[in-house]
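Asks: Sequence:
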Amino acid sequence: MTYDETEAVHQGWSRNSAAKITRHERALQDDNGPSTPSSFGRLSFFIATWIKCPRVDNSNFGQTRTSMLYSCIKRHNMSNYKYTRAHIILDFVNEFCSIMIVETVTLGSTIFYENQWTNLIENFRSIDEKLNWPQTKHSYFGNVYLQFFLLLVAFMACNFFHLLGWLYASSVPLLFLARDVAYCYEFFIELFVCKILWDFRDKYKKLYKMLDSSVAGSRKMIKVMELNSISSIRKFERLTRTMADMVTDLNKIFGWPLAFIILRAVLQLLSTAIHILIDAQMKNFHETKHLLISKLALTGLMIVKLNCVFRFDDLCCDLMSEEGDKLIPLCYKLQEKLDDHSSLRTELRRLAKYISHNLPKMSAAGFFYINRSTILNMVATVTTYYIVVIQFNFIN
Numbered sequence: 003m004t005y006d007e008t009e010a011v012h013q014g015w016s017r018n019s020a021a022k023i024t025r026h027e028r029a030l031q032d033d034n035g036p037s038t039p040s041s042f043g044r045l046s047f048f049i050a051t052w053i054k055c056p057r058v059d060n061s062n063f064g065q066t067r068t069s070m071l072y073s074c075i076k077r078h079n080m081s082n083y084k085y086t087r088a089h090i091i092l093d094f095v096n097e098f099c100s101i102m103i104v105e106t107v108t109l110g111s112t113i114f115y116e117n118q119w120t121n122l123i124e125n126f127r128s129i130d131e132k133l134n135w136p137q138t139k140h141s142y143f144g145n146v147y148l149q150f151f152l153l154l155v156a157f158m159a160c161n162f163f164h165l166l167g168w169l170y171a172s173s174v175p176l177l178f179l180a181r182d183v184a185y186c187y188e189f190f191i192e193l194f195v196c197k198i199l200w201d202f203r204d205k206y207k208k209l210y211k212m213l214d215s216s217v218a219g220s221r222k223m224i225k226v227m228e229l230n231s232i233s234s235i236r237k238f239e240r241l242t243r244t245m246a247d248m249v250t251d252l253n254k255i256f257g258w259p260l261a262f263i264i265l266r267a268v269l270q271l272l273s274t275a276i277h278i279l280i281d282a283q284m285k286n287f288h289e290t291k292h293l294l295i296s297k298l299a300l301t302g303l304m305i306v307k308l309n310c311v312f313r314f315d316d317l318c319c320d321l322m323s324e325e326g327d328k329l330i331p332l333c334y335k336l337q338e339k340l341d342d343h344s345s346l347r348t349e350l351r352r353l354a355k356y357i358s359h360n361l362p363k364m365s366a367a368g369f370f371y372i373n374r375s376t377i378l379n380m381v382a383t384v385t386t387y388y389i390v391v392i393q394f395n396f397i398n
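What the sequence shown shows, in our numbering, is residues 3 to 398, in sequence order.
The hints are simulated quantities; they were obtained by calculation from the structure and are not laboratory data. The beta-carbon is built from N, C-alpha and C at its ideal position, and this holds for glycine as well. It is possible that some hints are incorrect.
To be verified - Pair ranges (Cβ atoms, derived): (1) A159 to R240: 30 to 38 Å; (2) F151 to L361: 27 to 35 Å; (3) D341 to G368: 39 to 47 Å.
Work the whole structure out from these sequences, hints included.
Replies: Written as structure tokens, this is what we have:
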């Protein structure tokens with residue numbers, strides 16, 4: 003075979019190989035790709051706009067404090083039976099945590115972290131365009147919007163029956179309704195955080211597939227294709243850097259709210275333990291019949307609340323971290339059959355080092371990382387408290 007024929011074969015093979023570049027690789031090689039709908043989504047954008055609205059923030063800032071504290075004091079004063087000290091302390095701390103969830107988001111979105119909030123939304127839209135984000139299809143009940151809608155309906159129904167029981171039994175003032183509005187505001191915040199974490203997890207999955215498809219054929223590539231892969235890896239590194247910045251902004255904005263959300267979930271479990279194990283057994287508790295619906299609604303409310311906190315907040319944080327961790331072994335796996343002095347091998351090694359120092363982790367205001375062990379610690383704390391309450395109940 004002559005030199006010209008050999009060169010023609012190489013050029014033809016290069017064109018055929020280039021034609022096999024996947025859609026993921028083209029997204030890495032095209033910084034100015036077509037604009038696609040942001041995965042931030044209409045629901046997330048609506049919640050973000052609602053949270054950012056000054057009128058909503060100012061109204062929640064004032065009415066949350068007054069309505070929750072007043073309802074807590076009024077509920078204790080109007081009761082015809084004696085609360086235990088533990089129940090009073092838990093009740094007030096629980097209301098305080100609910101106030102702080104709303105106000106930390108309000109202050110963070112309007113005063114302290116306004117720039118980070120804006121950067122987070124802009125980075126979401128920018129990275130969606132670069133990734134050419136597809137509209138993924140889910141099963142009917144696996145759709146995250148349907149799950150959020152069902153949780154919201156269950157949450158509002160339980161709140162309604164809980165409020166109805168107190169209104170009928172103790173003539174509780176309608177200011178309790180303002181407290182429930184604040185609870186719904188808090189629930190929207192939790193759904194919003196869950197949606198963002200869900201998007202982060204899906205994005206890291208997409209990055210994994212893009213990196214794998216961009217370098218999968220590099221072991222047989224000629225120089226031209228290897229240079230294309232190096233360019234793709236460098237653009238991939240810029241995407242991971244943007245994702246790391248987004249996680250940092252997310253930790254700054256929602257660090258304290260997540261800490262109070264987890265603390266409040268534990269306190270609600272402890273308060274429910276007192277309601278179930280102590281209050282219903284008191285002889286003077288003549289309102290038990292009227293408050294039965296309220297107590298059942300409160301139990302259902304706890305189930306919905308904990309489902310949201312455990313399933314979405316904690317598990318989404320953990321799943322997001324797992325998807326980010328998978329990129330490191332993939333970088334080393336793709337180096338296996340490359341030459342020792344290959345430029346592509348050097349780029350992959352540098353990428354793995356960068357990812358290992360910038361793993362996606364959600365922190366609760368810097369106190370602890372949110373993962374599955376957080377759930378186990380919460381269950382252990384509540385179980386210990388249940389045992390103590392049962393023992394004291396039998397002693398009395």
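Asks: Compare the structure with each hint and give your call.
Replies: Now for the hints, and whether the structure bears them out:
1. A159 to R240: 30 to 38 Å: At roughly 47 Å between Cβ atoms, R240 and A159 fall outside 30 to 38 Å, so the hint is violated.
2. F151 to L361: 27 to 35 Å: Holds, since F151 and L361 (Cβ atoms, about 33 Å apart) stay within the stated range.
3. D341 to G368: 39 to 47 Å: 44 Å, holds
Of the numbered hints given earlier, the model fails hint 1 alone.
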